[in-house]
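**Q** Residues per chain are reported as follows:
Protein chains: 2
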Amino acid sequence: MSITAVVKKNTYFDSVSLMSISTRANQLPGVEQAFVAMGTEMNKGVLSNLGLLTADLDAAGTGDLMIVVEAGEEADQAALLAEVEELLVQKAPSGSGGADTVTYRTVDGAARAIPEANLAIVAVNGAYAGREARKALENGLHVMVFSDNVPIEEEVRLKQLAHSKGLFMMGPDCGTAIINNVALCFGNAVRPGTVGVVAASGTGAQEVSVRIHALGAGISQLIGTGGRDLSEQVGGIMMIDGIRALADDPGTSVIVLVSKPPAPAVQDKVLAEIAGAGKPVVVYFVGGSEDAVTAAGGHFAGSTQDAALQAVRLGIDTPAAVDELAAKQVDEVCARLTPEQRYVRGLFCGGTLCDESMYALLEVSDNVWSNIQKDPGRRLTAGSPSVGHTFLDFGDDDFTNGRPHPMIDPSLRLARLVQEAEDPQVAVILMDFVLGFGAHEDPVGVTLPAIAQARKIASDAGRHLEIVGYVLGTDLDTPALAEQVAALEAAGVTVTRSSTETGHFARETARKAHRA
Amino acid sequence: MSITAVVKKNTYFDSVSLMSISTRANQLPGVEQAFVAMGTEMNKGVLSNLGLLTADLDAAGTGDLMIVVEAGEEADQAALLAEVEELLVQKAPSGSGGADTVTYRTVDGAARAIPEANLAIVAVNGAYAGREARKALENGLHVMVFSDNVPIEEEVRLKQLAHSKGLFMMGPDCGTAIINNVALCFGNAVRPGTVGVVAASGTGAQEVSVRIHALGAGISQLIGTGGRDLSEQVGGIMMIDGIRALADDPGTSVIVLVSKPPAPAVQDKVLAEIAGAGKPVVVYFVGGSEDAVTAAGGHFAGSTQDAALQAVRLGIDTPAAVDELAAKQVDEVCARLTPEQRYVRGLFCGGTLCDESMYALLEVSDNVWSNIQKDPGRRLTAGSPSVGHTFLDFGDDDFTNGRPHPMIDPSLRLARLVQEAEDPQVAVILMDFVLGFGAHEDPVGVTLPAIAQARKIASDAGRHLEIVGYVLGTDLDTPALAEQVAALEAAGVTVTRSSTETGHFARETARKAHRA
Chain X
1 MSITAVVKKN
11 TYFDSVSLMS
21 ISTRANQLPG
31 VEQAFVAMGT
41 EMNKGVLSNL
51 GLLTADLDAA
61 GTGDLMIVVE
71 AGEEADQAAL
81 LAEVEELLVQ
91 KAPSGSGGAD
101 TVTYRTVDGA
111 ARAIPEANLA
121 IVAVNGAYAG
131 REARKALENG
141 LHVMVFSDNV
151 PIEEEVRLKQ
161 LAHSKGLFMM
171 GPDCGTAIIN
181 NVALCFGNAV
191 RPGTVGVVAA
201 SGTGAQEVSV
211 RIHALGAGIS
221 QLIGTGGRDL
231 SEQVGGIMMI
241 DGIRALADDP
251 GTSVIVLVSK
261 PPAPAVQDKV
271 LAEIAGAGKP
281 VVVYFVGGSE
291 DAVTAAGGHF
301 AGSTQDAALQ
311 AVRLGIDTPA
321 AVDELAAKQV
331 DEVCARLTPE
341 QRYVRGLFCG
351 GTLCDESMYA
361 LLEVSDNVWS
371 NIQKDPGRRL
381 TAGSPSVGHT
391 FLDFGDDDFT
401 NGRPHPMIDP
411 SLRLARLVQE
421 AEDPQVAVIL
431 MDFVLGFGAH
441 EDPVGVTLPA
451 IAQARKIASD
461 AGRHLEIVGY
471 VLGTDLDTPA
481 LAEQVAALEA
491 AGVTVTRSST
501 ETGHFARETA
511 RKAHRA
Chain V
1 MSITAVVKKN
11 TYFDSVSLMS
21 ISTRANQLPG
31 VEQAFVAMGT
41 EMNKGVLSNL
51 GLLTADLDAA
61 GTGDLMIVVE
71 AGEEADQAAL
81 LAEVEELLVQ
91 KAPSGSGGAD
101 TVTYRTVDGA
111 ARAIPEANLA
121 IVAVNGAYAG
131 REARKALENG
141 LHVMVFSDNV
151 PIEEEVRLKQ
161 LAHSKGLFMM
171 GPDCGTAIIN
181 NVALCFGNAV
191 RPGTVGVVAA
201 SGTGAQEVSV
211 RIHALGAGIS
221 QLIGTGGRDL
231 SEQVGGIMMI
241 DGIRALADDP
251 GTSVIVLVSK
261 PPAPAVQDKV
271 LAEIAGAGKP
281 VVVYFVGGSE
291 DAVTAAGGHF
301 AGSTQDAALQ
311 AVRLGIDTPA
321 AVDELAAKQV
331 DEVCARLTPE
341 QRYVRGLFCG
351 GTLCDESMYA
361 LLEVSDNVWS
371 NIQKDPGRRL
381 TAGSPSVGHT
391 FLDFGDDDFT
401 NGRPHPMIDP
411 SLRLARLVQE
421 AEDPQVAVIL
431 MDFVLGFGAH
441 EDPVGVTLPA
451 IAQARKIASD
461 AGRHLEIVGY
471 VLGTDLDTPA
481 LAEQVAALEA
491 AGVTVTRSST
501 ETGHFARETA
511 RKAHRA
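Protein sequences appear in the order of chains X and V. Note that full-length UniProt numbering gives residue 350 to position 350 of the first sequence, counting from 1, and the numbers run on in steps of one. Note that full-length UniProt numbering gives residue 216 to position 216 of the second sequence, counting from 1, and the numbers run on in steps of one.
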């Protein structure tokens, strides 16, 4: 075994970069063990325990980089050392950016150079993290401190300073945050959405955000507080500020709190924020008490999975969720309509799918006509032309009499689609495509020619016609859900993700089209 | 345009087969319109409206098959007709089965020939469906009637008969059911699970089952009632029997009811069943009243999506869900253990993941040790050997001091995995693999050699060692969730689907291993 040790004077790398470099150095062929770290007392202690602390290394200062490579006798030490140094070059100092990254030597300098920056991430040795965080706060920046080993008294002072300035102080030891759809440090790639999370737990926050993503929803903001925020000493300063920020955020429909069990007095303070939040708050404190959460008006979650399910459920039809749908799709559609285009026409195979969308639209208009309307004054027959907002269930007896169900024989619905496209008052046509055993073997494919024809009729008349499709099916169905969705999207159809969302889309389009 | 009409005497096809044949016939090149149907008055009326009813067709009886092909002048009518007849041959009469299908001419004959059969699907013309359903019920068979146009008085009589015999009478006009994981008629391919559904709506049932599948859960039974079951006249006979059956079913954790709004008196009767069900009941009656459902002790759903989310949530940790987990995985694991193998060892990167599993195990045992145990008497340090059920958070300061986080540097955890494999008391080792920005670029890959080594140590000592892995990540992460899961499965690791399920697995294994 042979050991090479090098000290690079005044060469600073942040701890996140060093973690990555160390891991890669340990994977180099020929390396038994590699150690790349700043010359702190703690790191020198580790080397000493391993019997690797030479006099040179012991003389290294906190701003010096120590590189120690242990290799087999036959290894080419110089070559290995060169390879480790190459890793340092690949990893640009003080950041994970590429060639476009500009490096600043101080927080003040960076803040002056990029006045629009509003957040600093601090990932230096814990002994210096507090000082850097304070500089960032004094420059008006929100702060995320990834570093641990910051004294708790310093955490309290930093959080009090941040609070007084209306800034976030996430951390110390804050591993995970997602701010404005950007995952910071240990975050996962999750869909943007309307669920806001405040978490005193890094992997707890990751788990909840990943479960919310898996349920088909997404994250508005994920605010980390660091693991000690709910201790007696810190008193939940960041979690309380986080709850208030999400309460004020129009993009957040539901708030989820995640933590290990807080100090009892702090739990009371945090739960007292729920009543004033004005939106549902789901609380998962590992091993926590249901009674306290319920008494505070919160929604108790007994597990991370439960927290995610409740958050998604409570967010389905809140103003924020509806605004998100509107911002993403409805506004775009309405912007392309003529003033005359005001009505939704739903052409459904599924009776309940028709009914669910019709009920959603009835929330904003009485001018809703259908062959399955309960109100006899607004009931249509198979032969009637459409009136106002019209929802037709082609599976109803009136249409199926003597014919196969539209899930098998699409001909009547195809003809109606073309007919509706002629109507200059039509803004949106909704259609469902039902997969499953017994259903048509390619419900989307058989409809595509009529969709193209309908769109051409409208565009020849100088109108945009929006066709919205929902595919009811699973990844296990034949054909599979994804394949049918892709075919609709390729044909310019806007695809909704559930019967419920289809109804919300119809309702919001009708609301906006009428207002215009 | 030329028209060819043929009547095939005494040639009966059920309506499901005819739907499929008609659709295919209409797609044949050269065919303008094709009509393949039994010679009922209704079908002859349709032909008359289309101006296609010849004297020959008008003379057809209800047991005769009518084939009408309309084609362009230049078409070879005889060839087209032959192609349509070929479709009849491809589609074996009275069934969708292949070469193995045996055909019986009567329900009685079928019931005698297959005494173990317990369900009949009736899909003949509505005029005869009631008679066939009655025969099936009299033979002790549950019945699903796909046919519509059965008089409501007959439906009432059939359902009363079925009820008195303790049989299901699903339909008439029942399009969807999933019984013992077999989808009947229009059902989707969904995962087996513990959510039971009773639905008076075919596509409503499809939508709820598909949403439950999309949420990662599955269906125990989906019982269709037919659309008129909740009318004043029928009085909800089948829905009430369905609720009672699911209440008694140990494989069902939660019951979901789906329907268009029932008749008020019937709604009261159905909701009155909720209190006695002994498990949560979620109610989605399109446009229904929250107050009535809540007052009855049910969980009101405002949409199909809401119904699915609530059902999954309420089912997470019910006895049926736990039994399902046990039946699928835990029992199998426990059967392979020696009597000495009693303990769970959790080796976690994620603090909250460690905590969540530890709290689950604390429900069944006090013998739980950890570096993050609140009970100081059961607290371990990084250097301590494992005791009883041990849960180690390798991300805790005690382990990370001077080292990168285990999400980046796995070396300590890998060494511990091998060490735990030496312990003859270890039954199961739990591990989490955390994906995300900043995390190790291949957390599963870097662990596979140690997993193989651990398994070899155990098998050399004549033990089975169960390694359970949970991958925290999404389809959008790099590497992607599915890729990491596949690598674990290929290495013989049992993969759980969430942190919550990992905890349940640990708890149930500990419970069973102690009992054994």
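Certain hints may be false.
The list makes no distinction among identical chains, and a pair is therefore deemed to hold if it is satisfied within one copy or across any two copies.
Dumping the calculated DSBU-like pairs for lysine-lysine here, alpha-carbon to alpha-carbon at most 35 Å [unchecked claim]:
#1 K8 with K512
#2 K374 with K260
#3 K8 with K279
#4 K135 with K512
#5 K165 with K8
#6 K165 with K328
#7 K512 with K9
#8 K512 with K260
#9 K9 with K328
#10 K512 with K165
#11 K9 with K165
#12 K374 with K269
#13 K328 with K135
#14 K374 with K8
Since the hints were made in silico from the structure, they are not lab data.
**Q** Now, for every hint given, state plainly whether the structure supports it.
**A** Tested hints:
no.	hint	result
1	K8 with K512	neither (64 Å within a copy, 57 Å between copies)
2	K374 with K260	between (51 Å within a copy, 11 Å between copies)
3	K8 with K279	neither (54 Å within a copy, 67 Å between copies)
4	K135 with K512	neither (47 Å within a copy, 56 Å between copies)
5	K165 with K8	neither (39 Å within a copy, 88 Å between copies)
6	K165 with K328	within (34 Å within a copy, 55 Å between copies)
7	K512 with K9	neither (65 Å within a copy, 59 Å between copies)
8	K512 with K260	between (44 Å within a copy, 28 Å between copies)
9	K9 with K328	neither (52 Å within a copy, 59 Å between copies)
10	K512 with K165	neither (40 Å within a copy, 55 Å between copies)
11	K9 with K165	neither (38 Å within a copy, 90 Å between copies)
12	K374 with K269	between (50 Å within a copy, 22 Å between copies)
13	K328 with K135	neither (38 Å within a copy, 56 Å between copies)
14	K374 with K8	neither (81 Å within a copy, 43 Å between copies)
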